[in-house]
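J.: So you can see what is in the structure, the chains are spelled out below.
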Amino acid sequence: MKQIYVGLTGNEAVATAFKQARPHVAPAFPITPQTEMMHKFADFVADGAVDTEMILVESEHSAMSAAIGSAATGARTFTATSSAGFALMWEVIYVAASLRLPICMPVVNRALSGNINIHNDHSDAMGGRDAGWIQMWCENTQEAYDHALMCWRIAEHKDVRLPVMINYDGFIISHTAESLHILPDEDAWKFIGPKDLKTGYSLLDMDHPITVGPLDLTDYYFEHKVSQIEALKRAPKYIAEVYKEFGQLTGRHYSFFEEYRTDDADLVIVALGSTAGTAKDVIDAQREKGVKVGLLKIHMFRPFPAVELAKALSKAKVVGVMDKSASFGGWGGPLFNEIRSALYDLPARPKIHNWVYGLGGRDTDTKQIVSLIEQLQAIAKGREAETVNLLGVRL
Amino acid sequence: MSLIPTSSLNEGGIITEAGNAAAFKTGDWRSNVPQWVPENCIHCMFCWIYCPDSAVAIDSTGEKTVMTGFVFEHCKGCGICAQHCPPAAKGKAAIVMVRDEK
Amino acid sequence: MAVVNLQTLSKNEDLLSGGHRACAGCTGSNILRQIMLTAGRDTVVGGATGCMEVVTTIFPYTAWKTPFIHSAFENCAATVSGAETAYRALKKRGELPVPREKINFVAFGGDGGTYDIGLQSLSGAMERGHNMLYVCYDNEAYMNTGIQRSGATPFGAHTSTAPAGKVKQGKDRHRKDLTKIMVAHNIPYVAQTTPFHWKDLQMKVRKALDVDGPAFINILMPCTVGWGFDPALGMELSKMATDCNFWPLFEVENGEYKLTYKPKADRTPIEEWLKTQVRFKHLFKPGNEHLIVEIQRWVDDEQRKLLKLCGED
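So the sequence lines, in the order shown, correspond to chains A, B and C. Residues 1 to 395, numbered by my numbering, are exactly what the first sequence covers, in order. Residues 1 to 102, numbered by my numbering, are exactly what the second sequence covers, in order. Residues 1 to 313, numbered by my numbering, are exactly what the third sequence covers, in order.
Any given hint could turn out to be false.
To be verified - Which residues of chain B face chain C? A few of them, derived with a C-beta cut under 7 Å, are: (1) Asn20; (2) Cys41; (3) Tyr50; (4) Ile58; (5) Gly79.
Everything labelled a hint here was simulated from the structure, so no lab data went into it. Glycine included, every Cβ here is placed at the ideal spot set by N, Cα and C.
All chains should be built: construct the whole structure from the sequences, respecting the hints.
T.: Laid out in structure tokens, this is it:
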């Protein structure tokens with residue numbers, strides 16, 4: 001299939017993908033650095049490129065609430081947010097997942113306050129990792145665009161029916177123009193397809209009136225939650241199918257995580273988002289020097305592919321997990337904890353250490369990653385080191 | 001209602017049987033119960049419009065709607081119906097609240 | 001407007017089933033029943049967390065015979081605005097699940113979910129012009145969580161968070177005038193009514209649903225448990241509240257105020273109404289006379305201002 005080679009920022013690319021998905025409804029409330037995504041989408045609406053009804057709500061809590069009301073009718077619905085906006089809608093994010101509504105939402109990752117900071121880190125989405133949403137993570141503009149197309153097929157799959165978050169780094173991806181391939185509108189539409197209005201429920205089926213969001217007492221809440229757990233357990237199978245189909249269509253093959261030069265790697269870095277891109281450059285340079293280092297970059301963080309990750313990391317000697325968010329009072333960051341836990345049952349486990357880095361948009365450059373790899377090398381040679389470390393901060 | 005098996009729970013925890021609360025008997029909440037005195041009833045419908053529990057039974061199929069009694073499975077014995085029965089003012093109440101001997 | 005009397009109304013469907021868990025004598029569930037008699041089957045209802053939402057939808061039971069959605073406490077207006085927008089979007093593309101000429105969208109919340117925590121989402125929805133009706137059932141406190149003070153609690157009322165005790169005498173501020181706040185949103189229809197005044201209520205619901213755009217109705221909801229009165233007296237107290245000018249009945253169509261119930265020339269003293277409720281009992285202790293005087297002053301002042309707005313001075 002012929003694709004179009006363009007230069008777009010992450011926000012523009014995601015807006016373009018969403019235009020191609022022809023959503024029915026989009027509640028919108030601005031927050032840096034998501035804002036331009038909605039601006040671009042609003043331009044598409046104003047120019048008649050898509051006929052989405054935008055609801056210019058008065059807060060992010062209302063954005064997710066309106067998205068719930070809309071999706072409960074069966075309408076294809078999206079909203080977008082970052083940081084404090086995500087935190088504000090936190091209450092209803094859980095509701096959206098428990099109602100099994102296929103809402104798609106770009107989270108343009110930005111640090112949570114305080115102090116208030118508008119730059120990239122992962123504390124926002126990490127704070128919502130238990131909400132029951134599918135969480136996808138993107139390294140660059142291409143991946144953000146691709147996932148903004150695929151998310152509809154995943155969310156609306158009749159055996160999934162869960163909301164999907166598409167995470168991409170604020171400013172680094174959202175505002176940086178990169179070159180990428182996009183699908184022509186008709187091909188994107190053919191891949192995504194119209195919303196299947198026969199599966200799932202609708203408030204507007206006046207012939208079969210339903211009650212959505214009743215009160216659960218202690219006799220039913222737990223069972224309702226278990227059905228959510230089961231839905232998330234089933235989802236990877238269908239996510240893999242969508243990835244496969246997309247790969248055949250575009251030549252870009254995704255999987256739950258990308259393994260970059262890990263085949264013979266003694267040292268493996270695990271990272272989410274744009275840092276993975278920087279790490280790949282450093283890894284290439286280190287490989288020239290003979291250092292056997294690789295990268296594992298996660299796309300599907302929720303549901304968490306614990307078994308697959310453990311298998312992929314089992315042959316490494318040392319794993320360095322990079323967390324762009326801290327878990328205050330916890331032991332290491334969230335990604336570190338989940339990976340370490342996934343590896344626990346391996347008969348032979350790699351050493352696994354954590355580096356919390358990049359908080360509040362602190363630039364994560366090649367020098368920092370080189371330093372990280374040197375630390376991994378030292379650990380591999382038997383040097384004692386702190387399990388949880390900080391990277392790139394003035395102490 | 002016995003517990004719904006987990007495998008039969010609706011996706012999203014929704015309820016698909018509209019108005020199934022009718023199967024829940026709130027009538028056993030009562031301390032007092034309304035007694036209808038049909039010969040005094042003028043079928044004004046005040047009891048029907050003011051009932052919080054849809055517990056006043058009416059027959060609206062004919063030209064004139066008439067009150068036909070109470071839905072005792074749901075009546076909580078609040079007494080609003082008796083309070084607003086117009087004939088009571090003339091001492092000929094069509095609804096009288098009495099102790100519910102169960 | 002078509003003739004509305006109890007005979008004609010009785011032909012309409014009762015769309016709230018019995019078997020819900022409202023208290024005996026709850027005027028709130030009556031309000032919902034009454035609204036639905038006029039709104040009809042082709043209505044999507046949204047409820048904010050609160051007494052009415054909780055008692056009508058305890059899983060696996062629902063008292064609703066029409067579609068119903070609840071998502072959270074402070075966001076009913078936002079949730080319903082999303083459903084209303086989706087309806088227009090689906091209709092535009094010819095994708096409604098079942099064909100319907102018109103579907104009503106009615107959101108309701110107590111004074112808690114409307115005056116206070118829900119004010120923002122209500123304001124936003126009204127300002128955006130969605131074709132929906134928002135009904136506030138105002139029982140003047142956060143009843144579902146145990147009678148806590150709200151912005152709608154009247155001066156002098158005892159609540160569990162502003163109780164009357166040895167040193168304090170209940171709420172020390174007058175209530176917020178949400179109806180006027182809604183008028184200031186320049187929406188086509190705003191009104192106040194009570195469940196006792198069933199004809200007034202039905203007329204207002206009809207008008208509210210017929211306008212093209214947002215409508216708001218504030219309905220006094222005497223609460224037998226929270227206010228402390230015999231369950232049989234809820235409708236009686238609604239009537240008395242209006243006769244005291246505590247809860248005047250009026251409507252505002254496109255900014256034009258109009259009384260829908262002309263109060264008697266000599267209105268019932270507010271003391272008569274205060275006497276009927278345990279939440280005001282402490283006002284009758286010696287030394288608290290000035291509080292009743294203040295309440296009467298406020299009622300008379302508010303009424304004077306309202307009459308002026310209605311051109312009835």
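J.: Compare the structure with each hint and give your call.
T.: Here is what the structure says about each hint:
1. The interface hint given for asparagine 20 of chain B is met, as the beta carbon of that residue sits about 6 Å from the closest beta carbon of chain C, less than 7 Å.
2. Given the 7 Å rule on beta carbons, the hint for cysteine 41 of chain B is violated: about 14 Å separates it from the nearest Cβ of chain C.
3. With 7 Å as the threshold, the beta carbon of tyrosine 50 of chain B comes within range of chain C, its nearest partner Cβ sitting at about 5 Å, so the hint holds.
4. Of the supplied interface hints, the one on isoleucine 58 of chain B holds, with its beta-carbon coming within about 6 Å of a beta-carbon of chain C, less than 7 Å.
5. Annotation: interface hint on glycine 79 of chain B holds; nearest CB of chain C at approximately 3 Å, less than 7 Å.
The structure fails to meet hint 2 from the earlier list, while all remaining hints are met.
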